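Student: Based on these hints, arrange chain L on the given structure of chain R.
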Amino acid sequence: MTKGLRVMRWLVAAMTVLVCLLLVWQAADIYLTGNRAENFSAPGVRVEQVYARADIAARFGRIAPAVYAYLALVAVALVWQAAAREKKPRPDVTAPAEARPVKRLAAARLILLAAGAALVVLGILNGGARDVLVKAVNICTECIGLG
Amino acid sequence: MDDLKTKKTIRDYLPTRRRLIQLYAALLHNANVKGYISGQIFTGNTKYLCVPGLNCYSCPGAVGACPLGALQNALASSGSRAPSYVLGILLLLGLTLGRTICGYLCPFGLIQELLHKIPTPKLKKNRVTHALSYLKYVILAVFVIAIPLWYAARHVPMPGFCKYICPAGTFEGAIGLLANPANEDKLSMLDILFTRKFIILAVVFAACVFIYRAFCRFLCPLGAIYGLFARVNLVGVKVQQDKCTRCGLCVGTCKMDIRRVGDHECIHCGACVDVCPTGAIALRAGKRPLREKKKPGDKPGAGRYIAWALALAVLLGALVYFNGPWSGEETASESAPTAAPVDESIPVGPEVGQRGPVFTAPIYGGGTFDLADTRGKVTVINFWATWCTPCVNELPHFEKLAQTYPDDVAVIAVHSDLVTDDVDGYLANFDYTIPFALDDSGVVAAYGGSTMLPQTIVLDRGGVVAYNKVGSVTYEVLEDLVKPLIGE
Chain R
0 MTKGLRVMRW
10 LVAAMTVLVC
20 LLLVWQAADI
30 YLTGNRAENF
40 SAPGVRVEQV
50 YARADIAARF
60 GRIAPAVYAY
70 LALVAVALVW
80 QAAAREKKPR
90 PDVTAPAEAR
100 PVKRLAAARL
110 ILLAAGAALV
120 VLGILNGGAR
130 DVLVKAVNIC
140 TECIGLG
Chain L
0 MDDLKTKKTI
10 RDYLPTRRRL
20 IQLYAALLHN
30 ANVKGYISGQ
40 IFTGNTKYLC
50 VPGLNCYSCP
60 GAVGACPLGA
70 LQNALASSGS
80 RAPSYVLGIL
90 LLLGLTLGRT
100 ICGYLCPFGL
110 IQELLHKIPT
120 PKLKKNRVTH
130 ALSYLKYVIL
140 AVFVIAIPLW
150 YAARHVPMPG
160 FCKYICPAGT
170 FEGAIGLLAN
180 PANEDKLSML
190 DILFTRKFII
200 LAVVFAACVF
210 IYRAFCRFLC
220 PLGAIYGLFA
230 RVNLVGVKVQ
240 QDKCTRCGLC
250 VGTCKMDIRR
260 VGDHECIHCG
270 ACVDVCPTGA
280 IALRAGKRPL
290 REKKKPGDKP
300 GAGRYIAWAL
310 ALAVLLGALV
320 YFNGPWSGEE
330 TASESAPTAA
340 PVDESIPVGP
350 EVGQRGPVFT
360 APIYGGGTFD
370 LADTRGKVTV
380 INFWATWCTP
390 CVNELPHFEK
400 LAQTYPDDVA
410 VIAVHSDLVT
420 DDVDGYLANF
430 DYTIPFALDD
440 SGVVAAYGGS
450 TMLPQTIVLD
460 RGGVVAYNKV
470 GSVTYEVLED
480 LVKPLIGE
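Those sequence lines, one after another, are chains R and L.
Per numbering that gives the first Met the number 0, the first sequence starts with residue 0, numbered consecutively.
Per numbering that gives the first Met the number 0, the second sequence starts with residue 0, numbered consecutively.
Next up, chain L with everything else stripped away, as it sits in the complex:
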């Protein structure tokens, strides 16, 4: 008797199967464990794929692309190509799993649920929370769709939700990277944007302590997208109408703002399965039941153990694959440019005080840029890309600098070797006179750049690095950097 009681007590405190699946999914989404140690993000080919849950692709552990970030960027590039790939993936995910993803696979959903475990008085669902649950559709329409499209028409890539709201990006991406001492120099970039997003993150986390899945229910546009598939998704909780007595226990027990089991607010967590007095509710994949109300004497079948064994094997394989020495191969070429034939005593390198590596790069519109030709002038090198919002926003500052100091300053804008748009076509929309080159020989890598854009480098007249930082610059900052070097 005592043994039985002990077993029951232990079972009461063990994590539920759903919680284990959530933990498993969070680990699989972020299997690049070595990224947390190095402070670098994963750059392998698995990032071709969008993961199902909300998981920032700038998180050091992330091994896939965030579907929401990918959607915004695809919409921002919709002028040059239709966003069919991301839409197709979202369609397939919505059709197969729908909001089951929110309940079982989303890492940010897990974080919210763990925060809600903190023992405080809780705000239960009511008319206000139900009304607020429609806010996420407004956010989807405005920040995920309208803002990227509006800016795309002005040739500026603008992922509105990522930039202004996404707490997952702040927590997993920004704080995840900044927490690593290897990224200490990136602290200099932080300003109003980070302050605002940090405050949003703190408020969202605090709200999750009191309100079950506050972000998921009121703000998450990804949940809103998956909710659109509520009537057709293959996997989810389903009610057998002939068994249902309309008692309402299912809706009453649910912490989400549902009006009926399986509607667009339902995350298919299965809390209603166990409370249904007639066993009418079950989590099903099509017609096949995945979870039904327990009957006395029910024992888990061998299939469940086989499924867990397979899942663990996949996780183990993923951890080995993503953290082995062969993983995260750089997509950029690493060939080192040659050294400048000046002051041989100064070592070549990207650090301040070192001699900047000389490079040649093809110029858009024809010709070749050779850094060696700029000796005698202060040289400003800007690494940018058409898909990088702050990069395209700061280009006019470099143009103005070149116009203001034509005899003393040489400016070169080097596009990342990862090209997504027709750069020539893009530049045709503007009247820039500075040369735009393509990094086809590992220039970014030679100057210590990796995966963060924009980056600005200033070389003095002798080619020695005077400034090399990631992050946006203003015209005032640029002028302040070059003035002492040109002797003003």
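Isolated chain R (complex conformation):
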């Protein structure tokens, strides 16, 4: 690997951490701003919602140059790395290999297969399959982090 590419990789690494920190900082700041005392008209009642699209857009606008610069840097680094691709030397590591269990494997598989099929049939009969459908076609807002 050339020295230039090595420097580029460290630069991308630093930018990755920077962009991550910027995003984390913005999320934390939005939350803290939305929960400041002045934003409550009564205990538990906010004047304005914590996350508003206009606010998110404005904040992203401020960090956008860094994000775009990061994406451009990643693109350049990817192209550079592809152009300078070289075969990796094989590592010299040794580790003992163990024999896979062969005896009784087929029997174990058959038992597990039968058990799996029986559980699925039982689940269909006891309504478990419908439970899966019900949960999957509805959104529990808290479960995906919306609140």
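These aren't lab readings, by the way, just hints derived from the structure by calculation.
If you're wondering where the values come from, they're calculated on a predicted model, not measured in any experiment.
Where is the CB? At the ideal position from N, CA and C, for every residue including glycine.
Just so you know, not all the hints are guaranteed correct.
Label-pair ranges, simulated between beta-carbon atoms [what the hints assert, rightly or not]:
id, chain 1, residue 1, chain 2, residue 2, range
1, L, Leu-13, R, Ala-117, 40 to 46 angstroms
2, L, Pro-276, R, Ala-27, 49 to 55 angstroms
3, L, Val-202, R, Val-75, 21 to 27 angstroms
4, L, Gly-285, R, Ala-114, 17 to 23 angstroms
5, R, Gly-60, L, Leu-314, 35 to 41 angstroms
6, R, Glu-37, L, Val-313, 54 to 60 angstroms
7, R, Leu-104, L, Leu-314, 29 to 35 angstroms
Tutor: Chain L in isolation, oriented as in the chain R frame:
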């Protein structure tokens, strides 16, 4: 010569067969493309089935159920029925494919690998990463099993991993939905939960840039479950012991924290197949080799082309099926309730300022609720379900509201028509006095609800909608909503 060199150069930069299979699987997991445009999730019957990989079922594109989410919910409902269906599916998936799913089929695994392509110095596996690889078993035991069971004993459905950790849910579900302007009103729900999960997502993504499959190796409980089948799974990389020279190149080349090829950390990606100097390693389905070390002059057989043609036909069929006009039929009834016989000049509808559609619904425990009977009172309608964590957590607020303003406020809790538990039995555990009805006539749909719970609607004394939002509410918020309407 130049032609050969050009061909080789092109081949070097083409995606590998594994990458193509990963892309294919990601697309098949998320074949409901029109969901990304409408901002709605798919509600068809294919969601009876659990997909093999980690793919949030609240992603607008998802056409199947996430096995991990389904498992947590099944455990949360284990008081009323045994979680045999999900366990059976996981058993069958683990037995047949095991962690080959992680290496070839998991959409979140693909995302992690693509992030790792970003050129930065990489952290290679070492003793620390090896120790950390056991963390996912702790997460499996605590967040996927213990927390749902502990809360289930208290009649609260709590998918601990989804709620507190899952970055796939944040990325595919929450951000996937919020990115669509059609869901702009859902931004009002975001608070500490989203902030915390967004930070987890950002850290996981950043970690994946530096560490190969950081989430998969250290945190993913689904990988931990499939890893339990390492000794018996049918499809995976296998070593012919008579050919093996114990050189260790396979383990040295592998980026996962394996101790030997095919163990519980191995995702069967096949990176070791090509480096094995004796060709002892092959990806096999039972005894049948699927991928072996290339020999000079090897050419792909016709079988591979037939397999790809079949796979593409399946994908095309799936895209047509899930995105055609017949797909995603609503599971809820759409019959519109009748309009209230008050102030005919105001149009009937679910929006604020419109006249709320009048409905009747059977009450649990006997009787019928008729919205028309509540005219003259401020009416609070809550859509909930026994399987919805925030719904059951906020029920006491509605009870308290009804107790505080018995003369001015009427409260009705309407259970979604998708019932998974014995609601009567569930309610018997509490001393609620508010009426609980079942949505058997499309009440949720009439009030603009679709697939998100909980939802709260407040009607003024004349039946006009004053508030209609999805998301949890506190008692303070409810009181703040009804006070101006009752004239306090």
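Student: Does each hint hold? Answer for all of them.
Tutor: Outcome of the hint check:
1. About 44 angstroms separates the C-beta atoms of Leu-13 (chain L) and Ala-117 (chain R), a value consistent with the hinted range of 40 to 46 angstroms.
2. The supplied range of 49 to 55 angstroms is met by Pro-276 (chain L) and Ala-27 (chain R), whose beta-carbon atoms lie about 51 angstroms from each other.
3. In this structure the supplied range 21 to 27 angstroms holds for Val-202 (chain L) paired with Val-75 (chain R), their Cβ-Cβ distance being about 25 angstroms.
4. Hint check: Gly-285 (chain L) to Ala-114 (chain R), Cβ distance near 19 angstroms, so the stated range 17 to 23 angstroms holds.
5. Between Gly-60 (chain R) and Leu-314 (chain L) the C-beta distance comes to about 38 angstroms, which sits within the given range of 35 to 41 angstroms.
6. Range check, Glu-37 (chain R) to Val-313 (chain L): about 57 angstroms between beta-carbon atoms, so the 54 to 60 angstroms window is met.
7. Checking the proposed 29 to 35 angstroms range against Leu-104 (chain R) and Leu-314 (chain L) shows it holds: the Cβ atoms sit about 34 angstroms from each other.
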